[in-house]
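Given the coordinates of chain A, assemble chain B onto it according to the supplied hints.
2 protein chains.
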Amino acid sequence: MRFLMSNLAAAAALAMVMATGAEAASPKAQVQAWRQAHEKQILTDFVALLSMPNVATTVPDVEKNAAYIQGLLEKRGFTTKLLTADPGTPPSVFAELKVPGATRTVTFYAHYDGQPVGQKGWIAPPFDPSMRTALPEAKPVDWKAAATLDPDWRLFARSAGDDKGSIQALISAFDALKAAGIKPSVNIKLLYEGEEEQGSPHFAKLVAKNLETVRGDLLIMGDGPMHQSGKQEINFGNRGITGFKATVYGPLKPLHDGHYGSWAPSPTVMIAALVTSLRADDGRVLIPGIYDDIAPVSAADKAALAALPDVETGLKKAMGLGRNVGPPRLADGYMTVTLNVRAIHAGDEGPNAANAIATEGDASFDFRLAPGETPERVHQLTEAYLTKLGWFIVRDTPDLATRLAHPKIVRIDWDAGSSIATESPMDGPAAKAVAASISRTVGYPVLKLPFSGASSGMADIVNQMKAPMVGVSIANYDDNQHARNENLRLGNLWDGIEVYAGLLADLTW
Amino acid sequence: MRFLMSNLAAAAALAMVMATGAEAASPKAQVQAWRQAHEKQILTDFVALLSMPNVATTVPDVEKNAAYIQGLLEKRGFTTKLLTADPGTPPSVFAELKVPGATRTVTFYAHYDGQPVGQKGWIAPPFDPSMRTALPEAKPVDWKAAATLDPDWRLFARSAGDDKGSIQALISAFDALKAAGIKPSVNIKLLYEGEEEQGSPHFAKLVAKNLETVRGDLLIMGDGPMHQSGKQEINFGNRGITGFKATVYGPLKPLHDGHYGSWAPSPTVMIAALVTSLRADDGRVLIPGIYDDIAPVSAADKAALAALPDVETGLKKAMGLGRNVGPPRLADGYMTVTLNVRAIHAGDEGPNAANAIATEGDASFDFRLAPGETPERVHQLTEAYLTKLGWFIVRDTPDLATRLAHPKIVRIDWDAGSSIATESPMDGPAAKAVAASISRTVGYPVLKLPFSGASSGMADIVNQMKAPMVGVSIANYDDNQHARNENLRLGNLWDGIEVYAGLLADLTW
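Residue numbers (the working numbering), protein chains in the order written: chain A, 1 to 509; chain B, 1 to 509.
Derived by calculation from the structure, the hints in this document are not laboratory data.
Certain hints may be false.
Because identical chains cannot be distinguished in the list, a pair is counted as satisfied if it fits within a single copy or across any two copies.
Unchecked claim - List time: in silico DSSO-like cross-link candidates among lysine-lysine, alpha-carbon distance up to 30 Å:
1) K245 x K120
2) K432 x K302
3) K253 x K317
4) K302 x K183
5) K120 x K144
6) K144 x K81
7) K317 x K40
8) K408 x K245
9) K64 x K408
So that you can see chain A by itself, here it is in the shape it has in the complex:
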């Protein structure tokens, strides 16, 4: 009964829009009505997209995703092709739609690959999308049989928020405009990357090979979560990234710690000491010179940061934190370099624990780079500092002669992918047009972040194309991206469709 009423209500809304004519109903109202009438179809399509495993270390998996997305866009009249840097590397999906009369071309970037999924504690398999009621209950719900879909429900799956949600929102926005007979105001190029979560190791080459193909007058990056206040936020760049794994070496075989604990060096202690020599508990990066290259924060950026709503108190409560590290305001920390210690491991624990000295210890790090820094310089500073601290740096597992010759050995493996930060002006005409469009759609002044704390394969396009870029995020901030139980709140998908429809329909400068 409720199901019927809901569908009738949606149909009535659509009928009203139709009856009153396109002139009378705003594009936003038309898009909203279409979405209300097609929510289950949109979700069916989204679930199909999310059901495809997309960890880019398995290239055949991402190739299947690429072919599928290509098919979705072909059906909608786009001219498409798959771009690759080299055979066997993850493809990017490129799609183009020329709009008669349009003078500007906007390149929309997103990525269709996702983070690894082996984390423990998923409430449902990561590639078997699971609709759940609002947090904190998150109970399974049969959305196909439901009369209405609560916007606070969440769809749990890898990439729901990061970043297939952006792809689904844009495609649905396009469908909504088409149904309403609204012509896009710009030529559209879509570039959907397939290895962003691996650090985009081949993306710079892919872009270089296809620079004219993908070139636009404006780049819109559809990635990342919205502001923690729940308000729509845009940003004008991303931090860079570079990471590494450090492995230290103890005895060749595990040793009984009663007999050897007072004499044999402990790789568990060594890796802990290496971590604390690089990063302080209070957030400071302890590598000499690491802050020297960072560009000063401009007055405009400072003003934008100061204008962001206060979310820190709420975040601490939501995250169960009795303190924060770094500056009190979350986004202020994005203006500088951050060193995160992704993992540290040495020795066995749990049922395999033993009173033994382990043979190795390792830790994994990633730097988020501020404008002015380069991965190369950060590598240099890091290794010079470790050398100064007495570490002998190797690139492979050391042989016996090397072990005997050097008291402290660390193997450093830099991640394949890295990027510098990108920062686009907040006050350029294209950037202003995006801000105006989104503000119109959402009904309040969109929040502006100078650049995101996160990094993006987008950097490789921005740096080569030198066009202005704006980041447009639609995912709920608590989407658990990069972790177990990634999810997208339904209301965020609906709002995202409207935001994208607004951009496609009325972006002009």
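For chain B alone, kept in the frame of chain A given last:
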């Protein structure tokens, strides 16, 4: 052919011993000849014993071992019973043999349980004993079909060295003496513990309940490896032990480190900092007051330590170490407290690695305690220091209110089992008798270590019985005890049988 020759040679040796009479052949020669004639039977029995899973966290497993060992001793004329602290806890096997005319009673201690076996890299399943050629080749060898058994071959299995080898050696020594018609010189009590590798959490109670049953005039502890020089070594005590697990807390859910790495505390960094605050890379324990209770090293102990052969240079090469921590001489470090960091873990790595902030970090520690220290005092000092460093100590996973109220929370779980150090005089009559007996057997002055760097459930008997104790080790030092690929060198088993036979046959004081 060679098989026949070998058997013939052994039979000839035995025949010669028999022909020349007990007076003419030394007990050592008689034992040696019997062993040579029965090597394959001894190994068949040992393999059967090692094939029984014996990790004491699975009580039914250790109960099966206990019943089996009890059967072996019953068959040999011992009066036996199983002792337990409480129903459902691992039993100790007690066995007694009164010898007419004997005035002294010696209690032989060993343990039949083993360390956990889940470590990666076993060359054969830990409970499927595998005979291998000498190191470093360690190729599988069909010992049952071999003509002769090379004493440098090794039998790989959990507990081969630690500590079922001691049990097998004593039983075979008993059989050898019986075959030769040599009567033990002392009343024999055997006490075989079943939870030593779990820290003997119930053993003190078990001993207290059965103190008169297990009491002897001398305790001989058959556990631990021999000296690294390959020479027979005895010790007169053990260090104590107490351990704990520390768990620190970050955000309630994993967070994207681009967005939150500059603001949310990192449990990976926190646990590394906790480790480095407790233990220095150079081996020092950094807890204020931790060295204050340690008894000074006596002149006799200093002399015994100085008399130990130099093994350090060879050990560094064998272990692939470019340095050592603590004092240059290995055994000098046993005279003080050691803190080993068994393991440290936070965040995902490998295929599940993510650019994320982990929710928790943990590390696992064990202290080896010198004479004068108590676990209780060490707990107190450790916790007082952590508190001074700003840690709020909890005993369970903290709830939200606790997390919000305290910036740095650590959960401390002290291990169930702990013990103080034991040290028995090196110059008492019983201790001297043991040294003399073993020196006679091996043909050189036995090495004397004031106490072992390791710990033992034996501490609970020593402390209650207040009898002199001597530790007699037979396992090769490189037996990988507590680690993957534990093994016993065959020659060590053969020598161990002679050592035990000597002790049983001619121990008098």
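So, going through the hints one by one against the coordinates:
{"no.": "1", "hint": "K245 x K120", "result": "both (22 Å within a copy, 21 Å between copies)"}
{"no.": "2", "hint": "K432 x K302", "result": "within (18 Å within a copy, 81 Å between copies)"}
{"no.": "3", "hint": "K253 x K317", "result": "between (45 Å within a copy, 12 Å between copies)"}
{"no.": "4", "hint": "K302 x K183", "result": "neither (38 Å within a copy, 93 Å between copies)"}
{"no.": "5", "hint": "K120 x K144", "result": "within (28 Å within a copy, 46 Å between copies)"}
{"no.": "6", "hint": "K144 x K81", "result": "neither (34 Å within a copy, 67 Å between copies)"}
{"no.": "7", "hint": "K317 x K40", "result": "neither (34 Å within a copy, 68 Å between copies)"}
{"no.": "8", "hint": "K408 x K245", "result": "both (16 Å within a copy, 27 Å between copies)"}
{"no.": "9", "hint": "K64 x K408", "result": "neither (46 Å within a copy, 46 Å between copies)"}
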